[in-house]
Every structure is written in structure tokens, then in C-alpha cells.
Amino acid sequence: MSIAVTKSRYQSEEFSARLRRRYAAERRFRIAGMLAVGIASLMLVVLLGSIASKGYSAFWQAQIRLEVTLDKQQVEERNYTAILRQALYAQVPAATDRATRRSLNDLLSSGAPYELEAMVNANPSIVGTTQTVWVRADDEIDQFMKGFIRRDVPESERRLNDVKIAAIDALVAKGSIQSSFNTTLFSAGDSREPEQAGIWGAIVGSALTLVVTMLLSVPIGVAAAVYLEEFAPKNRWTDLIEVNINNLAAVPSIIFGLLGLAVFLGFFGMPRSAPLVGGLVMALMTLPVIIIASRVALKAVPPSIREAALGVGASPLQTVTHHVLPLALPGILTGTIIGMARALGETAPLLMIGMVAFIVDIPGGLTDSATALPVQIYMWADSPERAFTERTSAAILILLAFLILMNGLAVFLRKKFERRW
Amino acid sequence: MSVQTHIPATAMASRPAAAGTHGTKMVARDVKVFYGAKQALKGINLDIQENRVMALIGPSGCGKSTFLRCLNRMNDTIENCRVEGLIALDGEDVYGKNIDAVQLRARVGMVFQKPNPFPKSIYDNIAYGPRIHGIASHRDEMDEIVQTSLKRAGLWNEVKDRLREPGTGLSGGQQQRLCIARAIAVSPEVILMDEPCSALDPIATAHIEELIDELRENYTIVIVTHNMQQAARVSQKTAFFHLGDMVECDDTEEIFTNPRDERTQGYITGRYG
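Chains D and Y, in that order, give the protein sequences.
Okay, so the first sequence: first residue is 1 according to our numbering, each after it adds one.
Okay, so the second sequence: first residue is 1001 according to our numbering, each after it adds one.
This is chain D alone, in the form it adopts within the complex:
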């Protein structure tokens, strides 16, 4: 009797209605989840798409072909500007009067004479001969070739006058203008002229900063995490330390910049704009992240492994170094790399310690003036030239590439060292 009653309860109309509602709720939840993932992916695609579409053109740069006659006397006087101009006038025979020629002078990058000089210095035997060289065009010519300066707007509102456009047309007709891969972007430091500006200086600055950050924060962070997790007694003091570390991880980065300014520059008198100071500040900022990630990784190692090691007579230190630490390594590595990636993308603290300066030279050491990738992006974004707009996006793409590389490395290392038990 009672069996029959319970059986029919689960077969009743009311129960199947309830069941349908449960399934409907599940379907709604799934749809909401898929929508959320879809919106997130869409935003990512829009973000990356807009950066890539604005930035890809910066990887190409217009160059002008010139037949330069390296006159011995002019070379000795280092008058490369004149050599280049003569070659340019020869390319555009229509330009005869002074005003037109002065306009033509602007077609070449102001860095072109130095390029030519470097070429001559590298191979002095070419003096006295006529050489075919490709020199960088001015950024406005480059922008015109890429279609960012339109010829259909009135001359008074255009960055290039009709004379220049006519000259460019003449060069294009002769095949003397070409767009080639912009190696300058990857090999030069910053410059006032977009066509001479590159991010290599910023990359080196960022790399030096990160090296200092890593050398300081990884050993200190891991050691602190191991001590707190494996050795420290659990009392009021360690609780206080834990709360403070968690708080530090949430402190805005600009505060760390101010701290660095006051302590490292103000008190210790370290050099301004130096990767050393940048690295110190970033280390302070990354430390809590590494400590927290390492502690989580250490906590995830099953206590049975510690007991096993202690049980065969390993000392507490041996237990940690032989068993616990190797097992926690993938997690520690992941946390460290993510912390480093965060430091790589950090701008605010560097502004405070002077790494926002306009620096043309590639930094050669930890105390040289330098800037960093995100700061370079910030400075280029501030520049009025149209050519810097595309370079800003290009620099963002390069920064993103480094971040993807680092996070990919984190995933790879985790997969490689992960052990199951």
C-alpha cells in the first residue's frame, strides 16, 4: 500500500510539472552562461580588432628610392643633406623653382642624412660612386601613401600641399616609392619624428626593470610564503602579517610609485628614470601577489606528503625542499609569471619615478635613463602626429604579444611540471 503511494507521488502531474520547471531553470541558466561568454568574447574581439586594425599599418613604412652621388668633398664636409636633396631633385625634374624645391625637402625623413652617413661610415669605399638607396620618407608622406591623408580635401586643410602631392605622384609613377617592413619600429628608441621612433628602447627598459623585479621579488616572495606556510606558528602576529599582505596586494600601484619616489629617490638618492628603481618599485608591488600565489600553491600540496617525508625522518627543511616545494612549483611559477605580466603592464608607479621621460637612447644598464613599454604607449598616445596614433596601437599589439607570451609560458610550465597523485 505505502509503496504504491510513494510510486504514484513521483508519477503525479504535479511532480512532472515540477520536473519541467527544474529543467527549464537549467536551460535558462545555460543560456545566460552562454550569453555571458558570448558577450565577453565579443568585447575581446572588438578590443583586439580595433587595436589591430589601427595598428597594423605601423609595421610598414614608405621609403623613397634615390640615386645618390657620393661626392668626395660633400662627404668630407658631412653635407649628406645636400647629397640627398640633389638626388631627390633629380628624381622630380619638374621641380625647378626654389619654392617647389623647398617643399620637396620635406619629403625625406629628417633622419635620412644620418642613415646615409652610417652607410658611408660602414663602407667608405662607396665614396665617389653613385649608389641606389632607399631612404625613409617623412611620416606625412607615409600617412598619405597609407591613405590617412586624403587628397580630396581642400589644400588649405590638408597636411600636404599640392606641390608635394604632385611630386609623390611623380615618384610613384617611376616606382620610386615603396612600402617596406618597418624595422625602425623594432630597433630604435623614441624620437620626435614618428618615422624614426621605435620601441626597442622601451622594450629594453621594460626587460631591465622586469629582471630587477624578478631577482628581488621571486626569492623574497617564495621564501616568505614558505616560512609563513610551513614554519611560522599560527598566532596573532602571523594573522596580522597575512592581513597586511592581502591588503598590500590591493593597494593602488600609484601609491607604490609615490613610496618609491620618497624612499628610493628621496631618501637613498638613487638615479631618476632608472630601471633599477623601476624594478625595486615593481618588486614591492609584485611581492604580495607572489606571496599569496605561493602560499596557495603550498597549501594545495596534500598534508599526507609532508607526513610521509617526516615519517621517514626527513627534517622539516628537507620535507619542504625535497617534496613540498617541488610539488608547489607549478603553482608558484604560474603566480610569479602572472605577477610579472602585471608588472610589465604597469604604468602608474613608473610615472612617479621619472620613467616617463623622453629618452632616445637605448638603455645600456640598470642606472641608465629608460622608459617602459606601457609608458611609451602612454607618451605616444599623447603625441599629436597622425603617424604616432598607428604606432601607439602597434606598441599596444607588441605589449599584448609579450603578455600573451608570458601567460602562455605560465600555462605551459604548469602543464609540464604538474604532478598528479
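Hint data in this document are derived by calculation from the structure and do not stem from the laboratory.
Keep in mind it's a predicted model, so treat the numbers as computed, not measured.
Some hints here could point you the wrong way.
[Said to hold, decoys possible] Calculated pairs, DSS-like style, for lysine-lysine (alpha carbon to alpha carbon, straight line, at most 30 Å):
(1) D:K164 to D:K146
(2) Y:K1114 to D:K234
(3) Y:K1160 to D:K416
(4) Y:K1038 to Y:K1120
(5) Y:K1120 to Y:K1151
(6) D:K72 to D:K174
(7) D:K415 to Y:K1114
(8) D:K299 to Y:K1038
(9) D:K415 to Y:K1038
(10) D:K234 to Y:K1160
(11) Y:K1032 to D:K234
(12) D:K416 to Y:K1120
(13) Y:K1097 to Y:K1042
(14) Y:K1151 to D:K299
(15) D:K416 to Y:K1114
(16) D:K174 to D:K164
(17) D:K299 to D:K174
(18) Y:K1120 to Y:K1160
(19) Y:K1114 to Y:K1160
(20) D:K234 to Y:K1097
(21) D:K299 to Y:K1114
(22) Y:K1097 to Y:K1151
(23) D:K54 to D:K146
(24) D:K234 to Y:K1151
(25) D:K299 to D:K146
Given the structure of chain D, go ahead and fit chain Y onto it with the hints provided.
Just chain Y now, with coordinates in the frame of chain D:
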């Protein structure tokens, strides 16, 4: 923790000739353990005889595992754990100045409830203990130790061709025998086993029980078990724990056939536990 290093003569003389040829390996006198304010053991007195198997039985939470972990000071790692009273190994206070916890654990090995091989090769699992204690000076010597340990644990024939494979890839029963082999490898004098078969199937359990019986020849064994048949099968002495007290300790046969205390009788007849 007791600072007492001198052991009263009566402690060692408490079981003279009655134990036959089996000398007393370890003694516990008035052992009290506190976890913070909570008292887990209320004054345990127990003698553990050489080359015999002592089973500790009792309902969950009675303190038998706590007592076992006092014998090799594994409780040191537990925060807020305080041990009072005297525990002696060969007449020396294990909590005294003369004995170091690390050295003690080399002499008093342990096998845990859940098989816990290191996530390393079978070979390295066994070799780890001897390596850190500097027992083997050559590779050959180490190979020898690994082989004899695995043979004694009855695992050699099953794993001799795959010593380089991870110990975690073995079956549960094999893993537990690997852990026993690992404990044997450092040549301890006493082996503590904390419910070594509770995670194993009946066949693996039978294997381990046989093994315990064989190991008795060379080692003193203390085993905690929930399984009373197991206690009856493998042990010569049984101690019954209840709510932090050691109620009764006698020859296993006595305990199971003629318990003196009614709590013991209640437990072994299955009235609670």
C-alpha cells in the same frame, strides 16, 4: 611537554619476566595530550614489547591515533598540540633533550591510513629515507636496500621490472606495501601503523596482514585498527581505548575472549563503536 629525562626505575621494571623473551621496547606513563583546551588523552600507561604486534582498538575519537602519533612525535607538527607525561624508547624519553625528533622518526617509522607514496619513482620512494640518512654510500648498496625492502614488503616480484615508474601508478594495496617498504628501508626499530588497511580491499588487506605477521620477527609493531577481526588476527597484545582512556590492555586472546571491563566487552561484541 615533559622535561623529565630520567626515567623512574619502576617504569622499566613494570613488566619483568612475565613477558617472556620479549623485552619492553617502548613505555608510556601518564601520557596526556591536549589540542588547545581540549584533552584528547587522559593519562595513558602502556608497555610495548619488542618483536610483537600491539593493536590499539576503540571507537572513533577515542585517542588511539593520537597516542600512536605521540610515539614518534608526529604530533609536533600539529598546532596547539601539547603532550605531557613520559614516553620512552629503550629507556630514553623521546621528548627529552637527548632525542631529536628527526632521529626518533628514523628509529620509529610510520605507515599512514591512506597510502601516501611520494610522486616519484618506486625506486626513489624507497631510496629517499636511506639517502637523507646517509645509509648507503654506493649505488650498489642503495640498489640492495631497495631490493631487500621491497622483498620484505612482498612487493618485489610485482614491481622489479618497473622501478623507474611512478609509485603513484600502483594500485592501492601495492601503494600501501610500497609505503611499508619505504618505512622498512631506513631500518627502524618500531613501525607504527595507523589503520593501514582501511582504504584497501579485502585481498590487499590479507596481503598486508600476512606482511605484518612476517615483519614481527624483526620489528616492533604498533597498529591502530577499527577492524576487530584484524586486531585478533595480527596482534599478540591489544589495548582498548575509550574516550581518551586506556581501558584495558592484555594478550589479544584474553581481550577478545575474556574482557575484564564491561566497556571492552560492549565494544568487541558490537554494542557501540
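Here is how each hint holds up against the structure:
| no. | hint | in the structure |
| --- | --- | --- |
| 1 | D:K164 to D:K146 | 15 Å, holds |
| 2 | Y:K1114 to D:K234 | 26 Å, holds |
| 3 | Y:K1160 to D:K416 | 28 Å, holds |
| 4 | Y:K1038 to Y:K1120 | 38 Å, violated |
| 5 | Y:K1120 to Y:K1151 | 19 Å, holds |
| 6 | D:K72 to D:K174 | 28 Å, holds |
| 7 | D:K415 to Y:K1114 | 26 Å, holds |
| 8 | D:K299 to Y:K1038 | 26 Å, holds |
| 9 | D:K415 to Y:K1038 | 44 Å, violated |
| 10 | D:K234 to Y:K1160 | 44 Å, violated |
| 11 | Y:K1032 to D:K234 | 23 Å, holds |
| 12 | D:K416 to Y:K1120 | 15 Å, holds |
| 13 | Y:K1097 to Y:K1042 | 24 Å, holds |
| 14 | Y:K1151 to D:K299 | 35 Å, violated |
| 15 | D:K416 to Y:K1114 | 27 Å, holds |
| 16 | D:K174 to D:K164 | 15 Å, holds |
| 17 | D:K299 to D:K174 | 70 Å, violated |
| 18 | Y:K1120 to Y:K1160 | 16 Å, holds |
| 19 | Y:K1114 to Y:K1160 | 23 Å, holds |
| 20 | D:K234 to Y:K1097 | 25 Å, holds |
| 21 | D:K299 to Y:K1114 | 19 Å, holds |
| 22 | Y:K1097 to Y:K1151 | 36 Å, violated |
| 23 | D:K54 to D:K146 | 12 Å, holds |
| 24 | D:K234 to Y:K1151 | 43 Å, violated |
| 25 | D:K299 to D:K146 | 56 Å, violated |
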